[in-house]
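Enquirer: So the sequence lines, in the order shown, correspond to chains A and B. Just remember that our numbering sits 352 ahead of the position in the first sequence, which is counted from 1. Just remember that our numbering sits 352 ahead of the position in the second sequence, which is counted from 1.
Keep in mind that the hints are not guaranteed to be accurate.
Unchecked claim - 30 Å max Cα-Cα, derived BS3-like pairs, lysine-lysine:
hint, chain 1, residue 1, chain 2, residue 2
1, A, LYS376, A, LYS790
2, B, LYS540, A, LYS376
3, A, LYS817, B, LYS587
4, B, LYS822, A, LYS380
5, A, LYS790, A, LYS390
6, A, LYS599, B, LYS380
7, B, LYS822, A, LYS545
8, A, LYS376, B, LYS601
9, A, LYS390, B, LYS762
10, B, LYS540, B, LYS599
11, B, LYS790, B, LYS738
12, A, LYS587, B, LYS822
13, B, LYS390, A, LYS376
14, B, LYS376, A, LYS599
15, B, LYS465, B, LYS390
16, A, LYS540, B, LYS376
To be verified - If you want the ones that stay clear, here's a sample from chain B, every Cβ over 12 Å from chain A, calculated:
hint, residue
17, ASP430
18, THR519
19, ASN535
20, LYS598
21, LYS601
22, LEU654
23, ALA659
24, LYS705
25, VAL736
26, ARG820
27, GLN821
Hint data in this document are derived by calculation from the structure and do not stem from the laboratory. Using N, Cα and C, we set each Cβ at its ideal position, and we do this for glycine too.
2 protein chains.
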Amino acid sequence: MKTRNLSLLLDLYELTMANGFFRKQPQKIGYFDLYFRKIPDKGGLVVYAGLAQVIRYLDELHFSASDIEYLRELHIFDNAFLEYLRDFRFECDVWSVEEGTPVFPNEPLLTVKGPLVQVQLLETMLLNIVNHESLIATKARRICMVARNRPVMEFGSRRAQGADAATYGARAAVIGGCSGTANVLSAKLFGLKPLGTMAHSWIQSFPSEQAAFEAWMEVYPHNCLLLVDTYDVLKSGVPNAIRIFKKLKKMGINDHLGVRIDSGDITVLTQQTRKMLDDAGFKDATITVSNALDEEVIQNVLEEGAAIDSFGVGEKLITAASDPVLSGVYKLVATQEDNVVTPKIKLSNTVEKTTIPGFKRLYRLYDAEGKSHGDLLCLDSEKVEKSSEIYNSDPNKTQHVRQLQAWHLKPLQVQIFKKGTLLYHVPETMEIQAFSKKRIAELPMACLRLKNPDIYDVYWTSQLKTLRQKMIEEYTY
Amino acid sequence: MKTRNLSLLLDLYELTMANGFFRKQPQKIGYFDLYFRKIPDKGGLVVYAGLAQVIRYLDELHFSASDIEYLRELHIFDNAFLEYLRDFRFECDVWSVEEGTPVFPNEPLLTVKGPLVQVQLLETMLLNIVNHESLIATKARRICMVARNRPVMEFGSRRAQGADAATYGARAAVIGGCSGTANVLSAKLFGLKPLGTMAHSWIQSFPSEQAAFEAWMEVYPHNCLLLVDTYDVLKSGVPNAIRIFKKLKKMGINDHLGVRIDSGDITVLTQQTRKMLDDAGFKDATITVSNALDEEVIQNVLEEGAAIDSFGVGEKLITAASDPVLSGVYKLVATQEDNVVTPKIKLSNTVEKTTIPGFKRLYRLYDAEGKSHGDLLCLDSEKVEKSSEIYNSDPNKTQHVRQLQAWHLKPLQVQIFKKGTLLYHVPETMEIQAFSKKRIAELPMACLRLKNPDIYDVYWTSQLKTLRQKMIEEYTY
């Protein structure tokens, strides 16, 4: 296997700009914010994920001799710049929200400060990682919520958009609440529970379904989750499974018995299967369903009274199929020269693409009971006081001005790198899942809803609001 | 950077089954077909892609000491099986359609023959690769078709679902017709054209747009594609760009002048920009647009008369956002013991999930003019004659029976591996693009349409049809 080097996984323009910065503004410092504008599926929150992979990428970033050679042959770049890349040493400051945190539009999830020539180069990969993992964690949260404490297993590797989508997607799905994954590589890398038993090919390869089940029982007497829909669920699969369960019972084995159904009408088939299993005395035998499930299907069949103990969710989760893009962006918000920080803005001809200028801080506002009531954005340079008036950043909200008074402020970003030195220790994936559940439980209930959730309040300080307004006016022609 | 080993990127059940096969049916040979059932976006064809990555995966497949150790600690597998994995040597036969070929539902794109214990292990990665790359190539074909000979550049890395989705997605996009990609790694790996110039951050980092353009011109006088929507396209961006173009003209430089617009109303802005550029004497300056484009938006703005020379297409292409899953499956179609081949079927409780049994061959039917009129599926064991009657596999087609007589048969699958030895040489990506265009041009026009395309005819022989019918009846309860 070849060594993998992702340092050239960037848009060409990061390099053409970096080369230009190197020549034209070599001393200038840039501040970039990574944020998104829109929550997928019109949901109420995004579950932030991907920081562990961001850290690894930044920590390993270097350009190989072959990368430099390739770039040289493009005849676009200055020699001095290529030599700079050859000796590249990451020296930026990075702040980030912690993985698993529920986050909202226009909040700086990740802030990077460093020489323009460096911060620019990071854009593509930071966005790629955060957009992908946050998208899948967010989707998983929706699916696990409607499954109401039934385990949801991530089964999507075969339909994922490439190997990384399968591997890091499974990690993100677990952050969002999945109990484990079928993807063994992901399980190995991230300490997850690998899950699964058999496919139709196992059944087909034997002369009969009964023979296939028998053979399975002999190999795995303590893990007899039998796939019952190869020929006919109710007429063949379940009766054959019950015969096996009876044999196991005689042998004194009663653990991990169950069936999986991968086609047909979930509600009808699971109800009848449940009855057959119960009637045969296997009330503890579980029923797992799979087959193009998502939050909508799961919600519907549970409302109809389907008898399901766990879900295997594949393509709709691993691709976030109903809305497969988190449109995170990475925007210059300030520059710095000789210790003077200058806020920057981008207007564009599309209003919602206008940026929030300045090097900023992000806080969550808690009441005395530990419930969160909104987030607050302010400039790094200002001092936020109890008496400060804060403004809802959503112009459509009626209660627009509030006082901080009652609330306790908790910073959401922590420092990850200081001048290129890693300061942060990434928790285990299962710890991130637990952290995420806790943070989500602090939010107003109305934000958690699948459809028409309430919009979570994001406030900004008077100073930030005024700065932005002034800069917009300055650039209005 | 760590070495990358994808051999554990498989669903756990591939391993539990393989372990079972190893114990229960160690000598049995399996035949698996990889195929899909449904064309994304209700389109008329899928562009097959991913074979190059499949080959690399199979050629490098091995289990490291750390993989074996991890599997051992799961306490699921027999020692003998783990030792088999430690010494794993790929020894299967593989046949595949060539990349770039337009393909249709239920056609075996890839057929694998080998010991059950081996063929089973390949399922997850073969599907992951082929599903992903074919999905993106198929989407790119749609987008490039409506762009009507204007170059379409792949710009989606930042919104791709992970690093592989960006890298192999860009390759697939080029197979489907894109002129190049912004992804430098993909360009390096696959000999593609890396494309791009500047982002808003370049403009913002300078005291003014004019200063930013000036600096760019000094660094890249021969590549002056200026981004004009940072503040206001028509009042600031385009007038500033024209000033630069005039300076370059004075210096005798007139090549690669152009502007890019990334927001606002494409039709209005490009028409007015075109007029301003023309009036200033820059009729050759190009206009590139980007901003959440897909085949629908491109078709609409071109119909409205937008003045566009090239497109940068991002998230909607790299995720195939409108329908982000190609649901390819990998199904056991036959087993073999002592040289006797036994066809296998899977029925399930969902009709369209019923498989096509047997080790099969796939042909394309050409007329004397080199136009293709359908494909033919038959059993490997049968001899297809000019006088053979063939049956449309779509029961809804009225002209159901045909004679082969008039048509010339071309096999679509070629042998890739023979007992684990690689026989096939993968063409360059740009060659695959050319091959694909040629193959698509041979199809009936009505199949190429974006909406409501005609369904391409897939026939099967009398023998295959009869075998399937008999096997379905055998398993009907």
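Enquirer: Against the earlier hints, flag every one the structure doesn't satisfy and list their numbers going up.
Expert: 1, 4, 7, 9, 10, 13, 17, 18, 19, 24
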